[in-house]
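The lines below spell out each chain.
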Amino acid sequence: MKSWTIKRTVSSVATAAVLTLMSGGVGIAADAPAGFPTGNVTIEIWWHEYGPFTAYVKELIEAYKKVRPNVTVNPVIMSSGDIQQKVAVGFATGTGPHILDQDASFYELYYNKGLLEPLNLNVFGVKSYDELLAKYTPGGIAAGTFGGKVYALPYQGNSMSLFISNKAFKEAGLDPVKNAPKTWEDMKALGPKLKKVQGNRTVQKAFDYPYHSPRWEMQMFQPLVEQFGGKLLSDDGKSASVNSPEAVKALTMWRDVTKLTGDPKTTKNTSSNPNQDFIDGLTAMWTTGPWATSQISQSAIKDDFTVVPWPQVDPAKPHTIVYGWAWGVNKAKPDAEKVAAWDFVHFMLAKPDEWLAKAAFVQPVKGVNETAVAKKFPFFDVHMKDVAVASWYLRSEYSAEIGQSVGRAIERVIYDGADPKASLDQAQGEVEKVFKK
Amino acid sequence: MSASACAPGPAVKRVRPLSLASKQAMFAYAIIFPTLAILLVFRFLPMLQAFYLSLTQYDLVHPPKFIGFANFVDLVQDPLFLKSARVSLTYVLFSVVPVLPLSLGLAVLFNRSLWLKNLLRSAIFMPVVMPAVVMAVVWTFMYQQDGVINTILGWLGIDPIAWLRSSASALWAVILIGIWRATPYYMIIFLAGLQAIPADYYDAAKMDGAGRWASFWNITLPLLKPTTLLVVVMNVIVAMKVFAVPLIMTGGGPGDATRVLPLFIYQTAFEFFDMGRAAAMSVFLFVGVMLFSFIQVRLFTRGEELR
Amino acid sequence: MASIAIRGVHKAFGPTKVLHDVDLDVADGEFLVLVGPSGCGKSTLLRMIAGLEEVSSGDIIIGDRLVNDLPPMDRDIAMVFQNYALYPHMTVRENMAFSLKLRKEAKATVARKVSEAAEILDLTAYLDRYPRQLSGGQRQRVAMGRAIVRDPQVFLFDEPLSNLDAKLRVQMRVEIRSLHQRLHATSVYVTHDQIEAMTMADRIVVLNAGRVEQIGSPLELYDHPANLFVAGFIGSPAMNFVRGQLRRNGDAAWLEASDGTHLPIAGAHEGRDGQEVVYSFRPEHLTLSTADHGVPARILVIEPTGADTHVYCEFCATQICAVFGERLANKPGETLWLQPKVGFVHLFDAASGKVLQ
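Chains as they are written, first to last, in this note's numbering: chain R, -6 to 430; chain L, 358 to 664; chain W, 93 to 449.
For the record, the hints were derived by calculation from the structure and aren't laboratory data. Just so you know, these numbers come straight off a predicted model, no measurement behind them. Don't be surprised by glycine CBs; every beta carbon is placed ideally from N, CA and C.
Heads up, incomplete: computed chain R residues facing chain L, CB under 8 Å, no partners named:
| no. | residue |
| --- | --- |
| 1 | Q77 |
| 2 | Q78 |
| 3 | V82 |
| 4 | F84 |
| 5 | A85 |
| 6 | L102 |
| 7 | T259 |
| 8 | K261 |
| 9 | A393 |
| 10 | E394 |
| 11 | D409 |
Sequences are here, hints too, so could you generate the full structure?
In structure tokens, the structure reads:
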């Protein structure tokens, strides 16, 4: 077992930074790029509050002042629940920021509405978008790429992997590595061994899918559909099929796995504390991303956990999900300010190992795994393995609506015992109506 | 004719002075003007704007496109909207009706001299001053599998209930919070209403031979009619607008069991970016509230004028 | 009808004592008025008779029942409140019928009693109005009607006229009085207005600071006040007081006022030579005299009321009031020569305030 904490990692950041640059990371040019404002300008950046993340971006703003003294970066921080609404209103009223922080799945919507400024190649010191794409892991910035151009750059691309409580496994006489489930059938088999019920109370679940938000439900449902060989969105993104035979199979399996392993009515997870059950020892296994590592390490679990690749229907054809948050630039701002905005984004993202060290966010940049920080990061290789077979979270103008409809369909099946096919048919009806608009 | 009008002398220009009443009226208008102006700018104009938007297709980015009543026609056929409206109505009905006897009962209790009255009153008033967000989080903990409520039920030999995790109970769990939050607030209003009833009436009723119950029934209740009307209307409006608690506690789920109308409006506007449709939903909500308030006022004032 | 007996009644609100050892009897059918300045405890005493306040100690007996622990409804009494306390949400009819309905009397009986009372009080036309649609006098009558319909043993009135204007008050005084003559109900009437007390009462109880100062018929109180308080409280304009020392020489007695003036006293009065006393006489008990016999009085104000003339003047270094049946042509600043009528002079001990017989 690796012994690791975030604090210890910070000291190695300097070394790591050097390493990044050597490995061809995305570094900032010393000279200002063409079109950069010559006079004093102020650019505004909005982001969603998350302690370590906010602290790090503030640090970056301070550092940027030294590199580009004529640019003042004005930060506005809001909760993740509000930011989407505020950005939308900002766009509508012309009071939006220069740089926005959004869940990557929203950029499709903004792109379709013509609100985004394409990435400034000059600022990034590349000749083409392909050159930039090459610096990222395959599909790493797919969520922000539209019509061959890049419009948004992720600062975190989260894979979802299976976190295992070593304690729970050992109590059941299991080995967290050897006995880790590779398939959902394995998972079903583990259910009775790990699920503990006292009277009418479930005191420990073996595994549970998430139910605290439609968003998380979709994060599990989408890869399951793909594992069965299905797809939620058509290739042109103009239609969705949430009731395909594969989707029905996925939901049926979801239900069957849940019956054996979980108890959806017993959970402490909430949108703001999505990993609570795992942290409290209420579930032996849980799906979450690398960013949860610090939270888990600081809990009673400490480092007594194992991360393994997410279970599959067929391990030979693995499918997982990646989602994340990305920076974009508001098209409506003056040209010079947009150059400065991209320049600051460039500056911010230049040190992926620092992001990992300070916020535990994984940038989907090639070579991150080679950095010293990554090498000390628990199970980094596992996260990378899962992200390598991941598709981005549903990218559609209507991802929120689809997420809501599917989320409700899942809850109808799980909580009210509805038939998976019938429930997804209903969701499909709702989704089709949305697309007709 | 006023005295000055009788004054002789052609050189004297007769200025017709404003009557005292119109002077007073002008003063009154001057006093309320700022409030009216603020209301106009920040309440009525946005309201009119919302009415207009309800007739458009508007994604917050492109200019609104006029589409007539299409949003409304669509909504009345939309099972999701109808479900949400039903959830809201259930919420309103069951979070308003029990509050009346509860808050009135507490008010009557606190209107008497009571042991530790002030301490108890502060304690009972707590929910009102507690921010909705804090409250929602606290209750979420209390409703959990091993939370306070299930623990107490356990002592009584009742199996734990998955309060927020079952579409059968989630709405009731949210309603319970509504009642818990509203009761002390309206208790204070009832208390004010009770204290406004002159003690003479009760003395007179005692002399007339009324016991406690008779005097409550014949004096207190009828004289609290205006207060009760206020409480019902305010409570209905507040209940129709409930938002933060279901948003935080259930996000509208499980399924759409707790997706009250305001939550659906919010999702439609800011998650689905369909401002026109959201505005149309708001118009339905608005009309509902108005209709309800109107019926209430009519019911309460029927037969006799209020004091 | 019933008599009321109050025996050694005390009342305290916490540490504040408001009634001290009150004893009084109200005869069957009597109209008794409790009068005194505000805060004297008269309303509290009334409310104790009504049962709206508890008795701290002592007994209250109505008829032959000790009622200390009986709730108001079991005392068979009715009360008219200062603010009438008409139920605003009930019509006149409903207000009047309320007690009967609570008693579950038959509908026909209720209707009959209400219409009888309405007739007596001339309220028949207003039976379906709400109190707010009535004038002050009408409301007052409804308040009485509410009491009458119950046909109680005792009527209690708590300053019922104080909210009415002066003219209406006089009219209602007469009405209440004539109603009493008609019903012969035992009545206890509280007022701070001594004229009301004088004009309405069979007997008056003067209360001051929680104690009974004197009980008697109006004229007894007027003619023979037992102490300075009663002397000053009863009568309008009030009795005049001149302070000084009682002087005796053989059978002769006179007052030596503080300014040295001598005023005549009938020799039969108690009191020793040199005793500090208050020499009192009513304004109408002065005669106009001459410089030889009278005492000089410098006129301050003259108030002709039409019927008679009130003269406020300085007399023995004290401001007094004199009332004359005749009209005077004098002006302020002039001097009149006045002489108290010796037979109507009261002497009070200055220290105790008690009358010297």
